[in-house]
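Q: For chain A, the structure is supplied; the task is to place chain E on it using the hints.
The lines below spell out each chain.
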Amino acid sequence: MLTYTVRRIFSLIPVLIGMTLVVFAIIHAIPGNPAQVILGQRATKESVAELTKQLGLNQPWYIQYFDYIKALLHGDLGISLRTRVPINEEIWPYLTATIELTLVAIIIAVIIGVNAGIISAWFSKSWFDYAAMVFALIGVSMPIFWLGLMGQWVFSIELGWLPTTGRENVRDPVTAVTNIYLLDTLLQGRFDQFTVVLKHLILPSAALATIPMAIIARMTRATMLEVMKSDYIRTARAKGLRMFWVVYKHSLKNAIIPVLTVIGLQTGLLLGGAILTETIFGWPGIGRYLYDAIGYRDYPVIQSGILIIAAIFVFINLVVDLLYVFIDPRIKYTK
Amino acid sequence: MSIEPILQIKDLKVSFQSGKKFLPAVDGINFDLREGEILGIVGESGSGKSVTSLAAMGLIPSPPGRIEEGEIIFDGKNLKDLPEKEWRKIRGNQISMIFQEPMTSLNPLFTIGNQLVEAIRLHTTVSKANAKKQSIELLKLVGIPRAEGILKEYPHQLSGGMRQRVMIAMAMACHPRVLIADEPTTALDVTIQAQILALMKDLNQKTNTSIILITHDLGVVAEICERIIVMYAGQVVEQGDVRTILKNPQHPYTKGLLKSVPNLKSKKERLYSIPGTVPTPGSVPKGCRFAARCTEVFEKCQNETPDLYKLENEGHEVRCFLHTLKGRRDEHAGVTS
Numbered sequence: 042m043l044t045y046t047v048r049r050i051f052s053l054i055p056v057l058i059g060m061t062l063v064v065f066a067i068i069h070a071i072p073g074n075p076a077q078v079i080l081g082q083r084a085t086k087e088s089v090a091e092l093t094k095q096l097g098l099n100q101p102w103y104i105q106y107f108d109y110i111k112a113l114l115h116g117d118l119g120i121s122l123r124t125r126v127p128i129n130e131e132i133w134p135y136l137t138a139t140i141e142l143t144l145v146a147i148i149i150a151v152i153i154g155v156n157a158g159i160i161s162a163w164f165s166k167s168w169f170d171y172a173a174m175v176f177a178l179i180g181v182s183m184p185i186f187w188l189g190l191m192g193q194w195v196f197s198i199e200l201g202w203l204p205t206t207g208r209e210n211v212r213d214p215v216t217a218v219t220n221i222y223l224l225d226t227l228l229q230g231r232f233d234q235f236t237v238v239l240k241h242l243i244l245p246s247a248a249l250a251t252i253p254m255a256i257i258a259r260m261t262r263a264t265m266l267e268v269m270k271s272d273y274i275r276t277a278r279a280k281g282l283r284m285f286w287v288v289y290k291h292s293l294k295n296a297i298i299p300v301l302t303v304i305g306l307q308t309g310l311l312l313g314g315a316i317l318t319e320t321i322f323g324w325p326g327i328g329r330y331l332y333d334a335i336g337y338r339d340y341p342v343i344q345s346g347i348l349i350i351a352a353i354f355v356f357i358n359l360v361v362d363l364l365y366v367f368i369d370p371r372i373k374y375t376k
Numbered sequence: 452m453s454i455e456p457i458l459q460i461k462d463l464k465v466s467f468q469s470g471k472k473f474l475p476a477v478d479g480i481n482f483d484l485r486e487g488e489i490l491g492i493v494g495e496s497g498s499g500k501s502v503t504s505l506a507a508m509g510l511i512p513s514p515p516g517r518i519e520e521g522e523i524i525f526d527g528k529n530l531k532d533l534p535e536k537e538w539r540k541i542r543g544n545q546i547s548m549i550f551q552e553p554m555t556s557l558n559p560l561f562t563i564g565n566q567l568v569e570a571i572r573l574h575t576t577v578s579k580a581n582a583k584k585q586s587i588e589l590l591k592l593v594g595i596p597r598a599e600g601i602l603k604e605y606p607h608q609l610s611g612g613m614r615q616r617v618m619i620a621m622a623m624a625c626h627p628r629v630l631i632a633d634e635p636t637t638a639l640d641v642t643i644q645a646q647i648l649a650l651m652k653d654l655n656q657k658t659n660t661s662i663i664l665i666t667h668d669l670g671v672v673a674e675i676c677e678r679i680i681v682m683y684a685g686q687v688v689e690q691g692d693v694r695t696i697l698k699n700p701q702h703p704y705t706k707g708l709l710k711s712v713p714n715l716k717s718k719k720e721r722l723y724s725i726p727g728t729v730p731t732p733g734s735v736p737k738g739c740r741f742a743a744r745c746t747e748v749f750e751k752c753q754n755e756t757p758d759l760y761k762l763e764n765e766g767h768e769v770r771c772f773l774h775t776l777k778g779r780r781d782e783h784a785g786v787t788s
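Going down the list, the protein sequences come from chains A and E.
Quick note: the first sequence uses this note's numbering, first residue 42, plus one each step.
Quick note: the second sequence uses this note's numbering, first residue 452, plus one each step.
Same shape as in the complex, but just chain A (with noise of 0.2 Å):
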């Protein structure tokens, strides 16, 4: 197991190398001098070459990459062009922000997602079968830009119970540690504050969740229905298992491991493409903050952006591939 770990762990450094390298070589195809976008239209050209210089633009790209890479390798992801501040100290608290609407996003989907599956697979072709199904197709095909700007027009203004926008009270602002605030306000003891940034995430997570959780839904359907027709499932039955068990022992397991695919998948998708939800819920994530970023040509962090939501992704799925051997012991002996 330790040395499978290992091995998958090196496995990801050409993976890694790969990534910063599609990322710059994206960035520098983009036309447009951001010295130019910094100092605006009506700067002189000196002024222009002069900034181009300082910021190291006028490199050939190959020396501009390798600075990269030092620096990246230093744990420096460079300095902000917008904002002059070192996009490491920047970035942490958009990131965290988008982490914590993830993961409520994904463990809403997984929850729902699972059972819904499970309980159609179990009792398949029942009026829950379909209704669930339905809703699924419905959940997939849906835009989430409308389907948040309906909960807000009818949880936040027609009931008012939900907040439209934002993360918290702003004029009882959360004191960050982790910037995970569900965990800062536990931590801290303001229960208050907690409801407060519960019902701020509700709606935006639902949102989020829709479509993954459709999604794991079918699949979990497809692959229990698959599952329990064989033979082990039998046995379990002629043991004398409650179904309860059979189902949720015997059948999950075996059933799981294509849904854990789907999942890590859907973790990542999330969040790099938060950005419409995180738009239209005022959700300081990082979607925002890159799309922010894009719009001033602030290379730096749109390639710092980019190659943390693609490492995230990267490892989510080392997480998964980790989780199969864990789940069957049949991998493990296979390579």
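One or more of the hints may lead you astray.
With the Cβ distance kept under 8 Å, some of the chain E side facing chain A (calculated, not the full set) [claimed, not checked]:
no., residue
1, Phe550
2, Glu552
3, Ala570
4, Leu573
If you are wondering where the hints come from, they were derived from the structure by calculation, not from laboratory data.
Cβ atoms here follow ideal geometry from the backbone N, Cα and C, with glycine treated the same way.
A: Same frame as chain A, but now just chain E:
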């Protein structure tokens, strides 16, 4: 060995839904399983053997299947309309079952120990440690060496024969009174087959567990069974004790089955096979169900349905008009003389 039946199947009829119609897979079968005996149920694929055994376990998949009528009497109690909760107390405890496919019948993601302990603790209130001890005993009982080690292993680490032994151990976990073995040796190679059969015979003698052995292999039946039921298209066509039937089969179908067993002496000849196939449920012809494939068919067989007739030897019954013909001829002979 007492003659008391422990399990009685009476007029059992099981149907499966196909489209809007319910087609009978088992059509009114009757038999008794006596305490401590090994009963063989023989027939081709599709004759209703497995469905019968699943019915006796309360495991007919529903939908699409359902038990239309009949009784399953175990230990004097009719199990047919038993609620699922009560069935669970019997399954794996009083009546247990082993299946044809040892390779896929154990859950690949749980250790042998986990699956055995689960089976034991389902019906008894022993501690985990105690259940583990019992598991080791069980594994030793079914002839598995290094039983302790195997508890920690996963099914894929064992051979087919070993897995079937584990399955048997699991089925024997709660000392069931009836063990149903659905083609337990079909997927195994010949030497392993013999070992597994010997093991079952041995367990039967040691624990007095009654066994229903479902098979299409008459060789297997000859080896360990005391009585045989021959099934065809959802009905019993012949039953009796093993010697009578093997030596003096009365139903043409039984004769056909016996002829199609490979024989060392006649290896030059091509092996006999009964022409045609078992009619599928729903396409059962009028008259005798075997008529279309029968070598001794005559007119009556096409139009009338034969009953199960008792023969001279006690317990020997056959569903064939040939027997009544013979009987009538004898009667005639009696009258004239």
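Q: Checking each numbered hint in turn, tell me which of them this model violates, lowest number first.
A: none
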